[in-house]
Amino acid sequence: MLGLDRKDTGLLAVVAILALFAPFILNPFPQGSELAQFNAGYPDLMQRFVIFGIFAIGFNLLFGLTGYLSFGHAAFLGVGSYAAVWMFKLLSMNVIPAILLSIAVAGLFSVVIGYISLRRSGIYFSILTLAFAQMSFNLAYSVLTPITNGETGLQLSLDDPRVLDGGGVATSLPLTNFFGIEMRATETLNLGPWAFQFNAGYYLCAILLLVTFYISIRIFRSPFGLMLRAVKSNQQRLSYTGLSTRPYTLAVFVISGMYAGLAGGLLASMDPLAGAERMQWTASGEVVIMTILGGAGTLIGPVLGAGVIKYFENIFSKINEGVLHGWFGALPDGLENAIVWVLARFTGEGWHLTLGLLFMAIIIFLPGGLVEGGRRSRALFRRRGRRGGAAEEDAAKQRAARPAE
Amino acid sequence: MGILDVKDVGKRFGGLQALSDVNLSVRENTVHAIIGPNGAGKSTLLNCLVGKLMPDTGSVLFDGQSVLGRKPHEINQLGIARVFQTPEIFGDLTVMENVLIPCFARRDGAFELNPLVSVASQKDMAAKAEAILADVNMAQSRGVHAASLSRGDKRRLEMAMCLVQEPRLLLLDEPTAGMSRADTNNTISLLKEIKAKRDITMVIIEHDMHVVFSLADRITVLAQGTPLVEDTPERIKGHPKVQEAYLGTSDAAA
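Protein chains in written order, with this note's numbering: chain E, 1 to 405; chain F, 1 to 254.
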C-alpha cells in the first residue's frame with residue numbers, strides 16, 4: 001500500500017492509530033484520581049509529542065542514515081519558528097503560509113550551513129554545526145534584534161499589518177487558524193470520570209507527523225537512502241564506486257533541516273511566539289538524546305524517544321516534594337522524610353538526573369535504544385514460547401528472507 | 001599504445017624518492033603484474049593511478065585520457081575499478097545491498113535524488129546483482145551482513161562489486177595478502193574465471209610469486225621506485241636482474 005511493503009504499512013498503521021487515538025491512550029486515569037497527574041492527554045503536551053517527533057524523525061534521517069552527528073539542529077527549528085511568526089505578523093493568521101515559509105527558510109539556511117560543515121566529517125562536522133547554531137543563537141539574541149526581538153522573543157502585536165486578514169482592526173490578539181479552524185479549539189468528551197480532549201492544533205500536527213513519517217519510510221527504502229547508508233558504512237568504497245558523497249550528505253542535511261523547520265513552524269503555529277532559546281545548544285542536544293534513546297537509524301525510534309523525553313520533562317517534573325509527602329504520608333515521620341528526601345533528588349526538578357541515568361543505562365545496555373529493547377524482549381518471548389520448535393522457526397525465517405519473486 | 005600508459009611518473013615524499021621515471025604500458029585484455037620487494041613503490045604507483053596521490057612529474061593516460069587531477073569517483077566513472085589490500089566493502093549492509101550500490105551508481109552515473117523510488121521495485125537492478133553474486137558463488141549469502149563474512153568471501157564480494165560495474169580496467173592491490181593457501185588458490189581461480197568470461201584488463205600488484213606466475217601475461221619488476229625490467233613470466237623467472245633484486249635483498253637481510 002502507498003508503495004510500502006507489508007511490514008512498513010503495518011508500522012505506519014500503528015503510528016497512525018497511536019497518533020489519532022492519542023487523546024484516549026495518553027489519558028488512562030480518571031479525573032480527580034490520585035494518578036490523574038500522570039495523564040499526558042492534554043493538548044499542549046500532545047502537540048509537543050508530535051512536533052518533537054517530527055523534529056527527531058528529520059534528525060534521524062541525517063544521523064541515523066549517514067552517521068553525521070549534527071549538534072546544531074535546533075538552529076533550523078528556531079529559524080522555522082521566527083519565519084512562521086513573521087508570517088503571522090505580516091500576512092495572515094492562517095498556519096499554512098507560515099508553515100510553508102518556515103520549511104523554505106530552514107531549507108535555505110541548512111543549504112548554507114550544510115555546504116560549509118559537510119566539508120568535514122566526524123567530530124569536526126559536529127563542532128562546525130555546533131558553532132553555527134551558537135552563532136545563530138547569539139545573533140538572534142542580540143545583533144538581529146530588529147528581526148528577532150532579542151531577549152523578549154518575537155510576538156504578535158495589535159498593530160501588525162496582517163495583509164490578508166485585513167489587519168489593524170482587532171482589539172485583542174488574533175488566534176492562529178487553519179482556514180478558520182482555530183488551533184486552540186478543543187472539544188472535550190466526558191465519559192464517566194474521564195475527560196478526553198480533542199484539539200484542532202494537535203490533529204493538524206498529528207497528520208503532518210504521519211506525512212513526515214511516511215516520507216521518512218520512503219527515503220529509508222529508496223536507492224537514495226541506500227547510498228546514505230553506504231556513506232555511513234564506507235565513504236572510501238562509495239567514492240571508488242563512482243559516486244561523490246557530498247551531494248548525498250548535503251541533500252539529506254537539507255531535508256533534515258526542513259523537517260526541523262517544519263517542527264519550528266508548528267511550534268509557532270500552536271503558540272505564536274519565537275524565542276532565541278529554541279536555538280540554544282541544549283535544544284540541539286535534546287534531539288540527539290531523543291534519537292539515540294529511541295534508536296538511531298530505526299524508523300520509529302526517534303518518535304518514541306521524543307515521547308519519552310517530553311513525558312519526563314512535563315509529567316515526571318511535576319512530582320515535587322509535596323506530592324511525594326502525599327504518597328508516603330502513611331509511613332512514620334522520620335522514614336517518610338528520609339524517603340521523600342531521596343526520591344525528591346530524582347523527581348520534580350531532579351527529573352534531569354533520572355533522565356540522565358536512564359540515558360546512560362540505555363547507552364550501556366541497549367546501544368540500539370528502545371527499539372532494540374523491544375526487539376530483544378520480543379525475541380526472548382518467542383524463544384520461551386516456542387522451545388523445541390526452533391528448527392521450524394529457522395526454516396520459516398529462511399523462507400521469509402528470500403526476496404519475493 | 002596500451003589501455004593504460006604511464007609516462008615518466010615521479011613522486012617524492014619529503015626526502016624519499018618513492019617513484020622515478022616510471023614508464024609502463026598495459027595492453028588491453030591482458031593481466032599485467034607489478035612486482036617488487038617491499039618499499040619498491042608498488043602501492044604508491046597504484047595510488048597515482050586511482051587519483052589518491054598526485055605524482056610530481058609525468059602523465060597517466062587511460063584510453064588516451066589523463067587521469068591525473070581527477071577525483072577517485074571520476075576515475076571510476078572512466079571505467080577503472082579498484083580492489084584494495086584489505087577488502088573495502090559496506091560492512092553494515094547485507095551482501096545484496098553491497099552489490100546493489102554499484103549497480104545503482106553505474107546506472108545513475110552521478111548523484112540522484114530519488115527518495116520516493118523503492119529499491120525493491122527496481123527489478124532489473126536486483127537481477128543484475130543476483131547474476132554477479134551467482135558468478136562469484138555468493139548467491140546463498142545475499143542476506144548476510146557483509147562484516148560477518150570470512151576474509152575470502154569479503155574479497156569475492158569486493159570483486160563482485162567492482163565487476164558488476166563492467167569496468168575496463170581492474171586494479172588489484174595484493175588481492176591475496178594475508179590469505180591461506182586455499183583461499184589464495186580460490187582467488188586465483190576466481191580471477192581466471194573472471195578473465196575468461198569477459199573482456200577486462202587487470203593490473204595486479206602482488207608479493208606472492210605463485211599468484212603472479214599463475215595469472216600474469218606480462219610482469220613489470222619495480223625496484224627502488226624504478227621499473228627494472230618488463231617481460232613475459234617465463235623470461236622474468238630466469239632474468240638475472242630480477243634474481244639480483246630479490247636474492248640480493250634477501251642476502252643483505254641474512
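The hints are simulated quantities; they were obtained by calculation from the structure and are not laboratory data. You may find that some hints are simply not true.
In the PhoX-like style, the derived pairs of lysine-lysine whose C-alpha atoms are separated by at most 25 Å in a straight line are [claimed, not checked]:
hint: 1; chain 1: F; residue 1: K7; chain 2: F; residue 2: K52
hint: 2; chain 1: E; residue 1: K232; chain 2: F; residue 2: K7
hint: 3; chain 1: F; residue 1: K123; chain 2: E; residue 2: K7
hint: 4; chain 1: E; residue 1: K232; chain 2: F; residue 2: K71
hint: 5; chain 1: E; residue 1: K232; chain 2: F; residue 2: K195
Label pairs and their in silico Cβ distance ranges [unchecked claim]:
hint: 6; chain 1: E; residue 1: Q236; chain 2: F; residue 2: L16; range: 23 to 29 Å
hint: 7; chain 1: E; residue 1: K7; chain 2: F; residue 2: R151; range: 45 to 51 Å
hint: 8; chain 1: E; residue 1: L164; chain 2: F; residue 2: G69; range: 17 to 23 Å
hint: 9; chain 1: E; residue 1: G10; chain 2: F; residue 2: A139; range: 28 to 34 Å
hint: 10; chain 1: E; residue 1: P367; chain 2: F; residue 2: T86; range: 22 to 28 Å
hint: 11; chain 1: E; residue 1: S142; chain 2: F; residue 2: S150; range: 27 to 33 Å
hint: 12; chain 1: F; residue 1: M209; chain 2: E; residue 2: K7; range: 51 to 57 Å
hint: 13; chain 1: E; residue 1: E313; chain 2: F; residue 2: T86; range: 16 to 22 Å
Quick reminder that beta carbons are idealized off the backbone N, C-alpha and C, glycines included.
To see whether the hints hold, each was checked on the structure:
1. F:K7 - F:K52: Holds - the C-alpha atoms of F:K52 and F:K7 are around 18 Å apart, at most 25 Å.
2. E:K232 - F:K7: 37 Å, violated
3. F:K123 - E:K7: 19 Å, holds
4. E:K232 - F:K71: 20 Å, holds
5. E:K232 - F:K195: Violated: E:K232 and F:K195 sit about 33 Å apart, past 25 Å.
6. E:Q236 - F:L16: 23 to 29 Å: 25 Å, holds
7. E:K7 - F:R151: 45 to 51 Å: 33 Å, violated
8. E:L164 - F:G69: 17 to 23 Å: 55 Å, violated
9. E:G10 - F:A139: 28 to 34 Å: 29 Å, holds
10. E:P367 - F:T86: 22 to 28 Å: 25 Å, holds
11. E:S142 - F:S150: 27 to 33 Å: 60 Å, violated
12. F:M209 - E:K7: 51 to 57 Å: The hint (51 to 57 Å, Cβ to Cβ) holds, given that F:M209 and E:K7 are roughly 52 Å apart.
13. E:E313 - F:T86: 16 to 22 Å: Since E:E313 and F:T86 have Cβ atoms about 46 Å apart, the given range 16 to 22 Å is violated.
Checked against the numbered hints above, the structure violates hints 2, 5, 7, 8, 11 and 13; every other hint is satisfied.
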